[in-house]
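Colleague: For the record, the sequence lines run as chains A and B.
Everything in the first sequence is counted per my numbering, starting at 1 for the first residue and increasing by one.
Everything in the second sequence is counted per my numbering, starting at 1 for the first residue and increasing by one.
Just so you know, these hints were derived from the structure itself, not from any lab.
Every value quoted in this text rests on a predicted model; they were computed, and no experiment measured them.
Among the hints, a few may not be true.
Said to hold, decoys possible - Beta-carbon label-pair distances, calculated as ranges: (1) B:Asn2 x A:Glu257: 35 to 43 Å; (2) B:Leu242 x A:Arg114: 24 to 32 Å; (3) A:Gln156 x B:Gly223: 50 to 58 Å.
Claimed, not checked - Reference excerpt, derived from the structure (chain A facing chain B, CB under 7 Å, subset only): (4) Gln98; (5) Arg120; (6) Pro131; (7) Ala134; (8) Gly181.
Even for Gly, the Cβ is constructed at its ideal location relative to N, Cα and C.
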Amino acid sequence: MRGPKTPESAISEGEDGNRVGDSTQTRPDSSRNAHEAHVTNDTSAPHPIEASRLVKTYGPVRAVDDVSFAVHRGEILGLLGPNGAGKSTTLRMLVGFQYPDSGEVRLQGRDVYRQGAEARSRLGYMPEALPLYAEMTVRAYLGYFASLKGVAGPAQAIDRVVQDLSLEDVIQRPCGNLSRGYRQRVGLAQALLADPSVLVLDEPTSGLDPNQIHDFRSLIRRLGQERSVLLSTHILPEALEVCDRLVILSRGRVVAEGRPQELAGSGSGLHWVRLRAASPIAPEQCERFGLEAEGATGQAAERGGGLVYCVRRDLSADDARALLGLVAENGWDLLEWQTGAAGLEAVFRRLTLGGE
Amino acid sequence: MNLGRSYKIAVREARGLLWSTGGGLIVGTFWAATGLIFTLNLFQFERGIRLAAQQASKLQSGPAGVHINDWVVSQTFDLTGGVLFIFFIPLLTMRAFAEERRTGNLELLMSQPLAGSELLIGKLAGSVLALVSCLSIFLVYGVVLGIVSTPDWTATLVGALGLVLLGILFTSIGTLLSVLTRSPIEAAVLTLGILLLIVTGPAMMSNGPEWVRGMAEFLSVEGRFRDFSHGVFDLSHVAFFLGSSLLLWAASLRGLDIVRWQG
Numbered sequence: 001m002r003g004p005k006t007p008e009s010a011i012s013e014g015e016d017g018n019r020v021g022d023s024t025q026t027r028p029d030s031s032r033n034a035h036e037a038h039v040t041n042d043t044s045a046p047h048p049i050e051a052s053r054l055v056k057t058y059g060p061v062r063a064v065d066d067v068s069f070a071v072h073r074g075e076i077l078g079l080l081g082p083n084g085a086g087k088s089t090t091l092r093m094l095v096g097f098q099y100p101d102s103g104e105v106r107l108q109g110r111d112v113y114r115q116g117a118e119a120r121s122r123l124g125y126m127p128e129a130l131p132l133y134a135e136m137t138v139r140a141y142l143g144y145f146a147s148l149k150g151v152a153g154p155a156q157a158i159d160r161v162v163q164d165l166s167l168e169d170v171i172q173r174p175c176g177n178l179s180r181g182y183r184q185r186v187g188l189a190q191a192l193l194a195d196p197s198v199l200v201l202d203e204p205t206s207g208l209d210p211n212q213i214h215d216f217r218s219l220i221r222r223l224g225q226e227r228s229v230l231l232s233t234h235i236l237p238e239a240l241e242v243c244d245r246l247v248i249l250s251r252g253r254v255v256a257e258g259r260p261q262e263l264a265g266s267g268s269g270l271h272w273v274r275l276r277a278a279s280p281i282a283p284e285q286c287e288r289f290g291l292e293a294e295g296a297t298g299q300a301a302e303r304g305g306g307l308v309y310c311v312r313r314d315l316s317a318d319d320a321r322a323l324l325g326l327v328a329e330n331g332w333d334l335l336e337w338q339t340g341a342a343g344l345e346a347v348f349r350r351l352t353l354g355g356e
Numbered sequence: 001m002n003l004g005r006s007y008k009i010a011v012r013e014a015r016g017l018l019w020s021t022g023g024g025l026i027v028g029t030f031w032a033a034t035g036l037i038f039t040l041n042l043f044q045f046e047r048g049i050r051l052a053a054q055q056a057s058k059l060q061s062g063p064a065g066v067h068i069n070d071w072v073v074s075q076t077f078d079l080t081g082g083v084l085f086i087f088f089i090p091l092l093t094m095r096a097f098a099e100e101r102r103t104g105n106l107e108l109l110m111s112q113p114l115a116g117s118e119l120l121i122g123k124l125a126g127s128v129l130a131l132v133s134c135l136s137i138f139l140v141y142g143v144v145l146g147i148v149s150t151p152d153w154t155a156t157l158v159g160a161l162g163l164v165l166l167g168i169l170f171t172s173i174g175t176l177l178s179v180l181t182r183s184p185i186e187a188a189v190l191t192l193g194i195l196l197l198i199v200t201g202p203a204m205m206s207n208g209p210e211w212v213r214g215m216a217e218f219l220s221v222e223g224r225f226r227d228f229s230h231g232v233f234d235l236s237h238v239a240f241f242l243g244s245s246l247l248l249w250a251a252s253l254r255g256l257d258i259v260r261w262q263g
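Could you build all of it, start to finish, from the sequences and the hints given here?
Modeller: Set out below in structure tokens:
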């Protein structure tokens, strides 16, 4: 399934030579549907994770502001937001590392602050910082955390995660000598040691190369077939590819929640267009279509021998057709054309940039 | 409370402290310093015996009392506890929480199914274990003492107990400050300052009014430790050291709560 549903004729090569929208491939429908069959929203059973009205302030800054959401059994929920939106703070409160100023977190129905150790016993957490003890070998590190988690049969648990995450080659290596990709896998192995029913991953693919990102996303999808997963990310293709449902955070608040397809369709009239013209576009045309010179100075930026303009607003069907006509008539390069139905990115930007 | 988890944390903590390059350097320096103090005291003792023998032959009387416990054991304990510990223990405790917080490991540890008390006991026990391992060099000094003279073993053991109790108290102070700070260096400097104040403070208050002197005497860690190092076993001193340490542990536990508030 492709994200942007644009007129085929209007799709052009992006500036980097890739077809616009190619990066927004999502989980194949058949696999998603099969997966959704095991996502349950049973109201009688407690949710694996339930956050109610969380508030966290740092001095005058309200980092998390009245955030509520729940992770359903067997689903992969993405906490999506730009950097500084409050994702990591929210996750830290969910796993019990940080107290909220107000609000409540329940893991499998248990209060994470009052029944801390018990509530966290079925939780696996991989923080963004990926802390490892540099002097310990991978086996010793996993053994240490297996004992802290109270895993029965730690040797078998270690063998299982080592096999699942293909860590055989590095098992005797000191953690300090591992590449970023292996560090990420060791961090995930630690989270999986107790075979948790809930997995919380903070920016799990941050710092990985494209191949590693692909592998890691496949891994998360596989893990999500057996357990509930909450992951935070600011990468839209990741959210689309991996998550069953998204919660979008901006400036500490939940600004949208729903399935990726629903969210992408929420701004049906919205257009997200970028084009390149050889010479400045007439002001009356700019005003009619909301064409804005790209760049903070208000001057159209010169790129690739032309001036780049963009449109970020609702356009009627007639205006959209007229704009496409102008593009063809004047020989402008169409760099990007997304409509609301396809543009999760556009929706994301609209929600997180304060109405831009 | 699951002390098995605390034990695992303690062992990792002690290993991390002792079997790292930095840790090895610190332990090596500590051993070298105590070795130097012990050897110099032995020379002093030997010189004292010679002088006493010369004096006795001049006066044609029996030799004056020169005992190895006064000349070597007490001196070595006093200098180790009253001087070396002030510089050594901040280096031992600075990493306990501040380093874990800096690297992000504390976030991971505190999201495990661990009670705060289990984590704290593990960390404290790890630092004390490392300290006791460092003090194991004193066994070698004990053997040397046994070869060169006949020490009062009971007084020597009381002195060693005092050293361990003082170490536990100082380690508890360092751990509390490590909980409350984000940088190991900051934790070490603060601990050093406070230990200096604790050791020298009562002496500075000795010229004050009666009630101040009374308070200084009660709070004098060094005075109580000196009793131990001179072979005097006083249960109230044991209670003082352990009671103060317990208070500091409780404060550290509250400090972990502060960490959870601050994030």
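Colleague: Are the hints correct? Go through all of them and say.
Modeller: Verification of the supplied hints:
In this structure the supplied range 35 to 43 Å holds for B:Asn2 paired with A:Glu257, their Cβ-Cβ distance being about 38 Å. Between B:Leu242 and A:Arg114 the Cβ separation comes to about 31 Å, which falls inside the hinted range of 24 to 32 Å. Judged by the Cβ atoms, the range 50 to 58 Å given for A:Gln156 and B:Gly223 holds: they are separated by roughly 56 Å. For A:Gln98, the interface hint holds, since its Cβ comes within 7 Å of a Cβ in chain B; the closest pair sits about 4 Å apart.
Hint status for A:Arg120: holds, given a least beta-carbon distance of 5 Å to chain B, under 7 Å. With 7 Å as the threshold, the beta carbon of A:Pro131 comes within range of chain B, its nearest partner Cβ sitting at about 4 Å, so the hint holds. Taking 7 Å as the C-beta contact cut-off toward chain B, the hint placing A:Ala134 at the interface is violated, the least distance being around 9 Å. For A:Gly181, the suggested interface contact is broken, since its CB lies about 18 Å from the closest CB of chain B, more than 7 Å.
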